[in-house]
Amino acid sequence: MQKAGAKIPPEFEGRIDEALMKKTQEYEADKTKFGFVSSIFGNIVTIAFVFGGMLNIYNSWAASLNLSFIAAGWLFFLLLIYAGEFISIPFSLYSTFKI
Numbered sequence: 001m002q003k004a005g006a007k008i009p010p011e012f013e014g015r016i017d018e019a020l021m022k023k024t025q026e027y028e029a030d031k032t033k034f035g036f037v038s039s040i041f042g043n044i045v046t047i048a049f050v051f052g053g054m055l056n057i058y059n060s061w062a063a064s065l066n067l068s069f070i071a072a073g074w075l076f077f078l079l080l081i082y083a084g085e086f087i088s089i090p091f092s093l094y095s096t097f098k099i
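The numbering of the sequence shown is this note's numbering, which starts it at 1 and goes up by one.
The hints are simulated quantities; they were obtained by calculation from the structure and are not laboratory data. We put the CB at the ideal spot given by N, CA and C, even for glycine. Honestly, I wouldn't trust all of these hints.
Keeping only pairs whose Cα atoms sit at most 27 Å apart, straight-line, the calculated BS3-like set for lysine-lysine is [stated by the list, open to error]:
1. Lys98 <-> Lys23
2. Lys7 <-> Lys31
3. Lys98 <-> Lys22
4. Lys31 <-> Lys98
5. Lys22 <-> Lys33
6. Lys23 <-> Lys7
7. Lys7 <-> Lys33
8. Lys23 <-> Lys33
Restraint-style ranges between C-beta atoms, simulated for each label pair [to be verified]:
9. Val50 <-> Ala19: 41 to 51 Å
10. Ser60 <-> Glu85: 19 to 29 Å
11. Lys23 <-> Asn59: 22 to 32 Å
12. Gly73 <-> Ile8: 51 to 61 Å
13. Pro9 <-> Gly84: 37 to 47 Å
14. Leu78 <-> Phe51: 18 to 28 Å
15. Gly42 <-> Lys98: 48 to 58 Å
16. Leu80 <-> Glu13: 44 to 54 Å
17. Arg15 <-> Gly73: 50 to 60 Å
18. Phe51 <-> Gly73: 54 to 64 Å
19. Leu78 <-> Lys23: 18 to 28 Å
20. Gly35 <-> Leu78: 25 to 35 Å
21. Tyr27 <-> Asn59: 53 to 63 Å
22. Glu18 <-> Leu78: 46 to 56 Å
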């Protein structure tokens, strides 16, 4: 969109006004910037979890539950997935209702 600028393509000149085109471009720019910030936050959390020692603590906790190897593995990954989803809730809400 930045390459094309605020120009409306000739094929759409009668159907799209300039105000709508400008609003659409601003919306896309905001979504892109927010997606970048959200991605950086997710990467920081992942790096902190892996290299900060939390992964080893979490693994030790899952192993200490005296579950079978398969059940402990399922629990390990399911809780990681749920934690990731829980952390992403504020970003999803902001993206849906604010932008």
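Here's how the hints hold up against the structure:
For the given pair, Lys98 sits about 15 Å from Lys23 by alpha-carbon distance, which is consistent with the 27 Å threshold. Between Lys7 and Lys31 the CA atoms are separated by roughly 20 Å; this keeps the pair inside 27 Å, and the hint holds. For the given pair, Lys98 sits about 18 Å from Lys22 by alpha-carbon distance, which is consistent with the 27 Å threshold. For the given pair, Lys31 sits about 10 Å from Lys98 by alpha-carbon distance, which is consistent with the 27 Å threshold.
A hinted pair counts as satisfied when its Cα atoms are at most 27 Å apart, and Lys22 with Lys33 qualifies at roughly 17 Å. A distance of roughly 13 Å separates the Cα atoms of Lys23 and Lys7; the hinted pair therefore holds under the 27 Å criterion. Restraint check for Lys7 and Lys33: satisfied, since their Cα atoms lie roughly 22 Å apart, inside the 27 Å limit. A hinted pair counts as satisfied when its Cα atoms are at most 27 Å apart, and Lys23 with Lys33 qualifies at roughly 15 Å.
Checking the proposed 41 to 51 Å range against Val50 and Ala19 shows it holds: the Cβ atoms sit about 47 Å from each other. Distance hint check: the CB atoms of Ser60 and Glu85 are about 23 Å apart, consistent with the given range 19 to 29 Å. With their beta carbons about 48 Å apart, Lys23 and Asn59 fall outside the hinted range of 22 to 32 Å. At about 54 Å, the beta-carbon gap between Gly73 and Ile8 stays in the expected band of 51 to 61 Å.
In this structure the hint that Pro9 and Gly84 lie 37 to 47 Å apart at CB holds, the actual value being about 40 Å. A beta carbon spacing of about 23 Å between Leu78 and Phe51 agrees with the range 18 to 28 Å that was offered as a hint. Distance hint check: the CB atoms of Gly42 and Lys98 are about 18 Å apart, inconsistent with the given range 48 to 58 Å. The hinted range of 44 to 54 Å is satisfied by Leu80 and Glu13, whose Cβ atoms lie roughly 51 Å apart.
Our hint of 50 to 60 Å for Arg15 and Gly73 holds, since their Cβ atoms are close to 54 Å apart. Judged by the Cβ atoms, the range 54 to 64 Å given for Phe51 and Gly73 is violated: they are separated by roughly 22 Å. Taking 18 to 28 Å as the suggested C-beta distance range, the pair Leu78 and Lys23 does not conform, at roughly 41 Å. Checked against the hint of 25 to 35 Å, the C-beta distance between Gly35 and Leu78 comes to roughly 26 Å, which is consistent with it.
Separation of Tyr27 from Asn59 is about 42 Å and departs from the stated range, judged on CB atoms against 53 to 63 Å. For the pair Glu18 and Leu78, the beta carbons lie near 50 Å from each other, so the given range of 46 to 56 Å is met.
Violated hints, in rising order: 11, 15, 18, 19 and 21; the structure is consistent with all others.
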